[in-house]
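Peer 1: Using the sequences and the hints, build the whole thing.
For reference, the chains in residue letters:
2 protein chains.
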Amino acid sequence: MLIGELAKQAGCETGTIRYYEQEGLLEKAGRTESGYRRYTGRHLGQLNFVLHCRSLGMTLSEIKTLQNLQNDAITSCAEVSELIERQIERIHRQIEAMHALEAQLTTLRNCCRENVPASECGILKSLLVSSAISSPHWTPDAAEEVESAERRKKGRKK
Amino acid sequence: MLIGELAKQAGCETGTIRYYEQEGLLEKAGRTESGYRRYTGRHLGQLNFVLHCRSLGMTLSEIKTLQNLQNDAITSCAEVSELIERQIERIHRQIEAMHALEAQLTTLRNCCRENVPASECGILKSLLVSSAISSPHWTPDAAEEVESAERRKKGRKK
DNA sequence: ATAAAACCTTCCAGTTGCTGCAAGGTCAAC
DNA sequence: GTTGACCTTGCAGCAACTGGAAGGTTTTAT
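Heads up: the protein sequence lines correspond to chains D and E, in order.
Heads up: take any position in the first sequence, counting from 1, add 25, and you land on the numbering used here.
Heads up: take any position in the second sequence, counting from 1, add 25, and you land on the numbering used here.
Don't read these hints as lab results, they were simulated from the structure.
Model, not experiment: these values are computed from the prediction.
It cannot be assumed that every hint is accurate.
Since the list gives no way to pick one copy over another, a pair counts as held whenever it fits inside one copy or between any two copies.
Keeping only pairs whose Cα atoms sit at most 30 Å apart, straight-line, the calculated DSSO-like set for lysine-lysine is [unchecked claim]:
| no. | residue 1 | residue 2 |
| --- | --- | --- |
| 1 | LYS53 | LYS150 |
| 2 | LYS53 | LYS89 |
| 3 | LYS89 | LYS33 |
| 4 | LYS150 | LYS89 |
| 5 | LYS33 | LYS53 |
Peer 2: Shown next, in the form of structure tokens:
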């Protein structure tokens, strides 16, 4: 089959397939007389493996590692397990971070419901306040002071 | 203050600040005689706003939109709300996807505990099987057929 | 027979949000 | 006077593609 057919069967773009081949995640395809790539079921299997691993959030280099482990009968299973374990931990951390995010955003949303001008918007105000809080060193007044001090010290105005 | 001081106060890298300035998320800084950027408290406020929004998962272009809404007293608050609402929905979808992922990975992990060769690894086997399942059109036998057919006739589809 | 369409090829640029480097200028201290 | 810590610009690179240009090949419609 040609690249378009393979892409259709696997459910991805032809560009992705060429990219994977280039990155060494798929065996080089044979060519027709006119130079078109010709694929076999073996390639479809490889491609689906890569796409499936991608959908599990693995990076291409992790997938390459897995492929190498597959081809290496000597390696013990432990390395594979470890890779998966790292994925799980990573996902776990991401989920937690996202929950925190969701909570913050929900709070933010509740700051503003009415149809007031943006200048009065509780959300924007809240965002500004949070910004200020997250930098405890700064107040408008202190800023003025720093500015003046700088001007005084340099002894020039710009 | 100079860029290093601003970076320290805001808790980011100097490169990030220059990048934000370049992208129009921070007002252009003044310059000293020797060409160093000079910042004011106003810049720190802007920078913290951007960093805070980034930490909420907003893209730079969304943040730019927010800034424009801030400066535009005529705009109604509804647009701001809408933006936040989109964030929440996005996060929600991401969390759900991640939960599904976590479940899949956990299942995968449980396929293999023993110290067997990778060639016998339940995880790898499982990944291969899932790949095959996710492409219902393909079986090794069918692949052989396609191959032969191609050799016989060099046939084209569609 | 010819033209359009639907494939395919390679190469290169762009995406996002930075980070790091090279090569150089500036400034305060020892 | 020379370290060393700053700062400057500009460019390359990351991940994992996606899209486009410019062109070649094959099939199909007129």
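Peer 1: Go through the numbered hints given earlier and state which of them the structure violates, listing their numbers in rising order.
Peer 2: none
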